[in-house]
Every structure is written in C-alpha cells, then in structure tokens.
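J.: Spelled out from the first residue to the last, the chains are:
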Amino acid sequence: MTPNTILVVDDSRVSRMLIRAIIAHADPQATVIEAQDGKEALAKTEKATISIATLDLNMPGMDGLVLAKELLQRFPNAKIGLLTANIQEMVRQKASELGLFFIPKPITEEKILNFIHHEEKIKR
Amino acid sequence: MDEHIRLSELHCDAIVELLNIGMGQAANSLSEMVREEVKLSVPSLELLSRQNAIKHLNGHPDRRIAAVKQHFEGPFWGDALLLFPQEKSLELVRALMKDEEVPLDMLTELEQDALTEIGNIILNSCIGSLADILSQQLSSDLPIFITGSVNEVLDACVAQGDDMIMFLRMDFALHTKDIDGYVAFILEIPAMEKFKTNIDLYLQGLQHIQF
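Those sequence lines, one after another, are chains A and B.
Residues 1 to 124 in our numbering are what the first sequence spells out, letter by letter.
Residues 1 to 211 in our numbering are what the second sequence spells out, letter by letter.
Just so you know, these hints were derived from the structure itself, not from any lab.
Keep in mind that the hints are not guaranteed to be accurate.
Claimed, not checked - Quick list of simulated restraints, FRET-style, between CB atoms: (1) B:Ser8 with A:Pro28: 44 to 54 Å; (2) B:Asn151 with A:Glu119: 41 to 51 Å; (3) B:Pro75 with A:Lys39: 32 to 42 Å.
Claimed, not checked - Calculated cross-link-like contacts (lysine to any residue; reagent style SDA-like; alpha-carbon spacing at most 25 Å): (4) B:Lys194 with A:Lys39; (5) A:Lys39 with B:Glu9; (6) A:Lys111 with B:Asp132.
Stated by the list, open to error - Covered by chain A, according to a simulated footprint, are these stretches of chain B (three or more residues, beta-carbon under 8 Å): (7) 10-16; (8) 39-51.
This structure is a prediction, so every number in the text was calculated from the model and none was measured.
We treat Cβ as the ideally placed atom computed from N, Cα and C, and that holds for glycine.
Sequences and hints are given; from them, build the entire structure.
T.: As structure tokens, then:
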C-alpha cells in the first residue's frame with residue numbers, strides 16, 4: 001500500500017505542530033506537508049499526490065472551504081477534513097455539501113485519529 | 001514594555017489559537033440566537049501598554065464605544081472585555097430581536113440587556129476555552145455593561161497605569177450588518193507573568209508529545 005501523503009493547512013503553528021505529532025505517532029510512514037495558508041498549500045502540493053488533508057477554515061487569504069474545492073479538483077479521491085473552531089451549523093453544512101469531514105477544534109488525538117482511520121468515504 | 005513579559009511568536013500563536021476556539025464556540029451560540037451565520041475574521045493579537053491601547057482604539061477621536069467587562073480569577077486573573085462601536089450596538093440588538101416588532105424606545109431599553117448577554121456568551125467562551133485547554137479553573141464574575149469614550153471605558157477597567165492589555169482583534173459580522181468588535185484581556189503584570197507560565201507549560205506539553 002502506498003504511504004499516505006497528508007496535507008496539514010493551518011495558520012496556527014501550534015495547531016500544525018500538534019497535528020503533525022499526532023500523525024507521526026498514528027502513521028509513521030506518512031509524509032506530512034505543512035502549509036500556513038491556502039496559497040502555500042497549493043504551491044507545495046503541485047507535484048504531490050495528497051491522500052488526506054486537514055484544512056483550517058479561518059485563514060488569511062483563501063479560506064478552508066475554497067481551498068478544499070481547489071484540492072478536490074486536483075485530488076478527487078482525497079479524504080479532506082475541515083478542522084475549525086468555527087462550529088456553526090451553517091459551516092458544518094457547507095463542509096458536508098463538499099463531502100468534507102467536519103472536525104471541531106480543539107484538536108485532540110482522538111478526533112484526528114478518528115478522521116485518519118475513518119474507512120468510509122463521504123459521498124460527493 | 002518589560003522584557004520579562006514579552007511574548008514570543010509561538011506564545012502569541014498559542015494564545016490566538018486558544019481564544020480562536022473560544023470565539024468559535026461563542027459565534028456558534030450567537031448564530032443560534034440570530035439564526036444566521038456569524039462570519040469570523042482571522043484573529044490577531046497585540047500586547048499593549050494602557051497608553052498605547054488608548055491610541056490603538058482612538059482611530060476616531062472621541063469615538064464612543066460600548067463595552068462589556070467580565071472579571072475572572074484563577075491561577076491568573078484579570079478583566080475580559082468585549083468592545084465595539086456604540087453606533088453598531090443597536091444593529092446587533094435588532095438582529096437579535098428580528099422576529100419581533102420592537103419600537104425604537106424599547107429597543108434602546110433592551111440594548112444594555114442584550115449586549116450584556118452577548119458579552120457574557122463571548123467572554124465566557126473565551127475564558128472557558130483558556131481554562132479548559134490550559135487545564136486550569138477560572139471563575140468569572142457577572143458581566144458589567146459600560147459605555148463612553150475609549151478613555152472612560154478603560155478608566156472604568158484599568159486601575160493601574162502599568163497594566164498590560166492583551167488585545168485579541170476578531171471581527172464578527174452578520175449577513176447584512178457588519179459589526180466589528182474587539183475582545184481584550186487586561187492583565188496586571190503579576191497575572192501576565194502567571195499567564196505566560198501557563199502558556200509555557202502548554203507549549204512544553206506540545207513539544208514533548210509522546211502518545
């Protein structure tokens with residue numbers, strides 16, 4: 001099985017550190033690509049094939065939902081999680097419409113592992 | 001500003017993220033109240049002396065602001081403040097009462113009550129988020145509504161000239177009405193030192209994560 005390439009996009013360095021640590025433990029073979037905003041994420045994934053991504057919603061420039069649309073065009077089979085403190089129902093709905101997993105912050109090991117190991121794909 | 005209470009980039013990042021989670025929860029509650037999405041901006045943090053805080057807020061001279069203050073106590077202590085331009089406050093009350101035909105005079109009467117409640121939700125979410133994620137217990141007093149010029153509001157909140165004011169700027173907007181606000185934390189220097197120690201412990205925990 002090809003090792004996962006996991007994209008972690010968050011403008012908070014602390015959040016990226018935490019997600020990376022959880023992934024490193026859960027899936028040591030995975031390659032983690034970190035980006036602090038959507039533009040950097042798109043640039044860093046030009047030559048990569050992303051299997052999993054966690055995207056923050058509120059970021060400078062492009063928000064996580066816009067970034068998810070861009071990424072899904074390139075990686076239609078990727079499992080993408082919207083990881084956000086913005087837990088409003090309308091945001092959950094928008095995530096669901098795009099076929100994204102909704103992961104409410106604060107980040108915990110359990111939430112990230114549930115997402116990474118979730119077998120069932122969301123219908124798109 | 002004293003060197004020993006200078007915050008590193010990582011400290012600021014952690015504080016913004018903790019408060020961001022609190023604001024997210026608050027926006028969720030607010031959204032349920034107004035029955036529409038509350039748009040949140042990317043937050044930013046600044047640590048200012050009292051004098052610089054007045055300059056920072058005084059974009060418009062003699063601008064009147066409305067504030068809700070909530071005092072909190074625990075391993076670190078201080079006042080949490082929600083500040084927004086007073087001209088926007090009635091708009092916010094209207095949004096809250098949108099299904100009701102409320103006459104203007106009653107709306108003004110309700111203003112203080114409604115804004116105090118909004119302040120209570122937002123400030124408690126921020127204080128609660130700080131406490132939970134730092135594994136500490138913070139208790140908060142009842143919220144108090146204050147209105148006046150920036151000087152008057154800060155006079156009512158800041159007793160000593162050398163307090164530090166931690167400004168978390170986060171705009172929240174409703175679909176049709178832009179309501180920009182600040183959340184600010186006023187911490188005395190000893191409280192700021194304790195707060196920084198708590199953030200250090202939190203960051204050390206992250207750096208030595210061994211699941």
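J.: Now tell me if each hint is right for this structure.
T.: Hint-by-hint comparison with the structure:
1. B:Ser8 with A:Pro28: 44 to 54 Å: violated (30 Å)
2. B:Asn151 with A:Glu119: 41 to 51 Å: Between Asn151 (chain B) and Glu119 (chain A), where Cβ atoms are some 60 Å apart, the hint is violated.
3. B:Pro75 with A:Lys39: 32 to 42 Å: holds (39 Å)
4. B:Lys194 with A:Lys39: violated (37 Å)
5. A:Lys39 with B:Glu9: holds (22 Å)
6. A:Lys111 with B:Asp132: Holds, at about 17 Å.
7. 10-16: Since 4 is at least three, the answer is holds.
8. 39-51: Per the Cβ count (4), the hint holds.
Checked against the numbered hints above, the structure violates hints 1, 2, 4; every other hint is satisfied.
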